[in-house]
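Engineer: Keeping the supplied structure of chain F fixed, place chain A upon it in accordance with the hints.
Protein chains: 2
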Amino acid sequence: MTYTVQVKVMPLKDLLDPQGKAVMGGLSNLGLQGVADVRIGKNISMQIDAATADDAKAIAEEAAKKLLANPVMEQYEISVN
Amino acid sequence: MTYTVQVKVMPLKDLLDPQGKAVMGGLSNLGLQGVADVRIGKNISMQIDAATADDAKAIAEEAAKKLLANPVMEQYEISVN
Numbered sequence: 001m002t003y004t005v006q007v008k009v010m011p012l013k014d015l016l017d018p019q020g021k022a023v024m025g026g027l028s029n030l031g032l033q034g035v036a037d038v039r040i041g042k043n044i045s046m047q048i049d050a051a052t053a054d055d056a057k058a059i060a061e062e063a064a065k066k067l068l069a070n071p072v073m074e075q076y077e078i079s080v081n
Numbered sequence: 001m002t003y004t005v006q007v008k009v010m011p012l013k014d015l016l017d018p019q020g021k022a023v024m025g026g027l028s029n030l031g032l033q034g035v036a037d038v039r040i041g042k043n044i045s046m047q048i049d050a051a052t053a054d055d056a057k058a059i060a061e062e063a064a065k066k067l068l069a070n071p072v073m074e075q076y077e078i079s080v081n
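As you go down the protein sequences, you meet chains F and A in turn.
Heads up, the first sequence is in my numbering, so the first residue is 1 and it goes up one at a time.
Heads up, the second sequence is in my numbering, so the first residue is 1 and it goes up one at a time.
Okay, chain F solo, but in the shape it has when bound (with noise of 0.2 Å):
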């Protein structure tokens, strides 16, 4: 069966993130109001093929941890539908 996983990577809490700050700064500029902090990662959707959702998951995690995100600056959460 085909699983659609998808793997959220954001940049760690403790560390800056100046993708965010500037975009805070444009919305800013924009004129909208009330934006206190933005953070921005990456999001990737996949469709795997694999016999259960818990495989699709491990496939999913492995391309993560070997390809996607980058532990010493990301952290991952990975959803399976």
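If you're looking for bench data, these hints aren't it; they were derived computationally from the structure.
Possibly wrong hints are sitting among the right ones.
Chain copies aren't distinguished; within one or between two, either way the pair holds.
[Said to hold, decoys possible] Straight-line distance between alpha carbons at most 20 Å, and here's what the computed SDA-like set of lysine to any residue pairs gives:
no.	residue 1	residue 2
1	65	11
2	65	32
3	42	9
4	66	26
5	57	15
6	13	54
7	13	76
8	42	16
Model, not experiment: these values are computed from the prediction.
Structural biologist: Chain A only, in chain F's frame:
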């Protein structure tokens, strides 16, 4: 109150996603089987000060339209926690 709002920006389904294709090639080179398609987008996490969750969502919607997503190439989804 401060709401955490996630904006997921993904390339439109009908468009090619060269970054996703490159990652798919990388996964195959790493020996990971079963990944049929990969698409890569952005995930923007914002802390928004607003009176209600709907207000926070409206601010995020405006931010997405004006700055975060390019409607010619991308679609977005907003979720408020």
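Engineer: Can you tell me if residue 13 and residue 54 fall within 20 Å by alpha carbon in one copy, between copies, both or neither?
Structural biologist: So residue 13 and residue 54 fail the 20 Å test inside a copy (28 Å) and across (26 Å) alike.
Engineer: Is the C-alpha distance from residue 66 to residue 26 at most 20 Å within one copy, between copies, in both cases, or in neither?
Structural biologist: between (34 Å within a copy, 10 Å between copies)
Engineer: Is the C-alpha distance from residue 13 to residue 76 at most 20 Å within one copy, between copies, in both cases, or in neither?
Structural biologist: within (12 Å within a copy, 24 Å between copies)
Engineer: Between the shortest in-copy and the shortest cross-copy C-alpha distance, which are at most 20 Å for residue 42 and residue 9: within, between, both, or neither?
Structural biologist: both (5 Å within a copy, 9 Å between copies)
Engineer: Taking 20 Å as the upper bound on the Cα-Cα distance, should residue 42 and residue 16 be classified as within, between, both, or neither?
Structural biologist: both (16 Å within a copy, 17 Å between copies)
Engineer: Pop the pair residue 65 and residue 32 into one bin, within, between, both or neither, using alpha-carbon distances up to 20 Å.
Structural biologist: Answer is between; shortest inter-copy Cα gap is 12 Å, intra-copy 37 Å.
Engineer: For residue 65 vs residue 11, is the C-alpha pair at or below 20 Å within one copy, between two copies, both, or neither?
Structural biologist: within (15 Å within a copy, 24 Å between copies)
Engineer: Under a CA distance limit of 20 Å, which applies to residue 57 and residue 15: within one copy, between copies, both, or neither?
Structural biologist: Neither way: residue 57 and residue 15 sit 27 Å apart in one copy and 26 Å across, limit 20 Å.
Of the numbered hints given earlier, the model fails hints 5, 6; all others are met.
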